[in-house]
Amino acid sequence: MDMQVAKKKLGLKERYAVMTRGLDWKPSYQKMEDIYPYMAYEGIKIHDWDKWEDPFRLTMDAYWKYQAEKERKLYAIIDAFNQNNGHLNVTDARYLNTVKLFISGISPLEYVAHRGFSHVGRQFPGPGPRVACLMQALDEIRHAQTQVHSISNYNKYYNGMHDFHHAHDRVWFLSVPKSFFDDAITAGPFEFMVSIGFSFEYVLTNLLFVPFVSGAAYNGDMGTMTFGFSAQSDEARHMTLGLEVIKFILQQDPANVPIVQRWIDKWTWRGYRVLTLVAMMMDYMLPKRTMSWKEAWEVYFEENGGALFKDLARYGIKMPDCAAQIALEKDHLSHQAWSTFYNYAAASNFHTWMPDEEEMAWLSSKYPNSYDKYYRPRMEFWREEAAKGNRFYNKTLPMLCQTCQIPMIFTEPGDPTKICYREVDYKGDKYHFCSDHCKKIFEDEPEKYVQAWLPVHQIYQGNCFPEGTDPTVEGFDPLAAVLKYYNLEFGRDNLDFDISEDKKNFAEWRGQATKNV
Amino acid sequence: MAVAAVKTYEFPPADTVDKFHGAQLLYIGWEDHLLFCAPFAFPFPPTMRFGDILAGVLPGVFGYHPDFAKIDWAKAEWFKSGQPWQPDADKSLAENGLKHKDVIRFRTPGLTGIKGSCS
Amino acid sequence: MSTVFIALQTNEETRPIVEAIIQDNPDCTVNEQPAMVKIDAQGKLVVRRETIEELIGRPYDLQELQVNLITISGNLDQTDDEMILYWNA
Ligand SMILES: [Fe+2]
Ligand SMILES: [Fe+2]
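Protein chains in written order, with the numbering used here: chain A, 42 to 558; chain B, 1386 to 1504; chain C, -18 to 70.
The set of hints was computed from the structure by calculation and includes no laboratory data. Do not take every clue at face value.
Sample of chain B residues with no beta-carbon within 10 Å of chain A, all distances over it, derived [claimed, not checked]:
1. V1388
2. A1454
3. G1495
Rough simulated footprint, nothing fancy, chain A against chain B, three-plus residues with beta-carbon under 8 Å [stated by the list, open to error]:
4. 1391 to 1399
5. 1406 to 1416
6. 1429 to 1436
7. 1479 to 1487
No residue lacks a Cβ here, since even glycine has one placed at the ideal position from N, Cα and C.
The following block holds chain A by itself, in its conformation from the complex (with noise of 0.2 Å):
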């Protein structure tokens, strides 16, 4: 059979032009700050939007040929999966509350970004951005449908997943992840880009992906692997379009150097503190580990990182500034985000636990500064008292962050032993942060951090109660309340792993899979 195919008319390069300049048009009886009015009050100036390219060149005939594929390949997998009883594939049940984690704290931002990305290709002026962003907002939708698919399978079995949207916008650490993209989403065009477009998915998004999926591949579970890798295959692209419009930005004017610094520096901040949830996970919840937190962040950020930056220097951009107190909070960042969910073990949609003597080793190991010093007395304690059914459950309310919303958890740069405390007053209130760098966002935009729905207060506030509770009857109960209002069940979605429904569930199916009964 011949195979040859049709030569092609054009090559790439003027496909793409035609594909994108020229379908646009310049408007003769509108003008053009009436149908792009958000493209001034940023201080971002563009000259000539004919400028950006995209280096992939993709068109969006190609892009549905290709897209079609990647959809025709993972829903295939995903059915096998499923015939096949594959989430009795992973190594132990624990390794499920990644799932969790990953289906209420991140795949809700797939469709956040899908809104995000389809918001600003409506607002650039330049058809080769707008090609570029319709194609990544379709992306981003298509990553958070294809993720509630491949996860609907687990919820069919496991707990804690049942209303991952419902918690999403309720649960208190979920604010964190929640409150990152509502801060991006209402940002101007230009910093949404800078934000999502560059400094998460250009900077950080290795870190979030790679490591995660390459953990699910590690743990037998082929459905979120596959999930992982069909959304990761859309990032390079992604990455891509970050990296070029930070490179258009700064070649269009110089004055706009100082502000997408600022960007830049804000937003990689935002984002690091964000991954402290994968930090905990690659250390604590993968049954087998594939690397290190720290050594992730090495290899992705420190090495990788660092090469753009470099490169970044002729147009006057330098290395966000946070980096130095990353570079120290490497050694520590996962052991105290882990002892925060055990701590509040109660008021979480997925469980924890605390390691074994072969995982504690493995922590020794990999962070031999760190853990046998600072963390490791007082998991061994916990541990020790859980086995004297003295499980610790911490059901006093933390203090927050008022930018990040993480509790205050994080210690001094250079002391492990003293948690950090800074404050502002502003127009007659007081103001906590976890951090120089919270701090600093906070006073760059005050008015609008004010305005955080941070769950603690809310909860205090009486905002946390299903309706018609009347907190003040006597025997109130804050904790059954607020579960309520985040739909989980107390002691089924809560708790410690060690008696959860989850792992007798799964110990039982799975002999029922490798045994005659």
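Position chains B and C with the ligands against the provided structure of chain A, taking the given hints into account.
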């Protein structure tokens, strides 16, 4: 610096004291005891006696820690917004000068957490 | 020189592509990780259409690569004939 906006950008802050049904927020941290991952947030009426917090609230909150029973409150060092500070147990929060969203912490000399790890 | 990299899913479609990349970038480093292969190179990495076509014995469109791509690092330039990743500094 201000928020870049297309028109006047003014919205009410979310956590002013009037929203807490007569209570004000007080944050309390125990130095060198990171078994409790973060300082705590409490809604207390400004008329509450400071001593009632020590005797009535803190045991339920920090009591899980083996160091808690060993605390000699007479020796405890207090800080408000990081500065040395002396509370009067017989006076109310308001009389002690505590306002909405103030943060106080205490250090208990000699007690340094599980195996001295500040946990 | 900084490192550029490309990571691809490990599967039958990418096997000849990885082979082609190794042929065209003899100094690159190949890291096999769970379900993915990451190829690092100093300063610059080239993926050439012709080399892939020789190995698979059929015409190949470099944009097909997107289906199995996991991540890249570096500035990118793609034409009909090659995909280049590079750092300027
Ligand atoms: Fe996405
Ligand atoms: Fe913060």
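Against the structure, the hints come out as follows:
With a closest Cβ-Cβ approach of about 5 Å to chain A, B/V1388 is found to fall inside the 10 Å limit, against its non-interface label. The non-interface label for B/A1454 is consistent with chain A: the shortest C-beta to C-beta separation is roughly 15 Å, beyond 10 Å. A cut-off of 10 Å between C-beta atoms confirms that B/G1495 is not in contact with chain A; the least separation is 15 Å. Coverage of a stretch by a chain is defined here by at least three residues with a beta carbon nearer than 8 Å to that chain's beta carbons; for the region 1391 to 1399 of chain B and chain A the count is 7, and the condition holds.
With 6 residues carrying a beta carbon less than 8 Å from a beta carbon of chain A, the region 1406 to 1416 of chain B meets the three-residue requirement, and the given coverage holds. Only when three residues or more bring their CB closer than 8 Å to a CB of chain A does the claim for the region 1429 to 1436 of chain B stand; here the count is 0, and the claim is violated. Judged by the Cβ-Cβ criterion of 8 Å, the region 1479 to 1487 of chain B is covered by chain A as claimed, because 4 of its residues qualify and three suffice.
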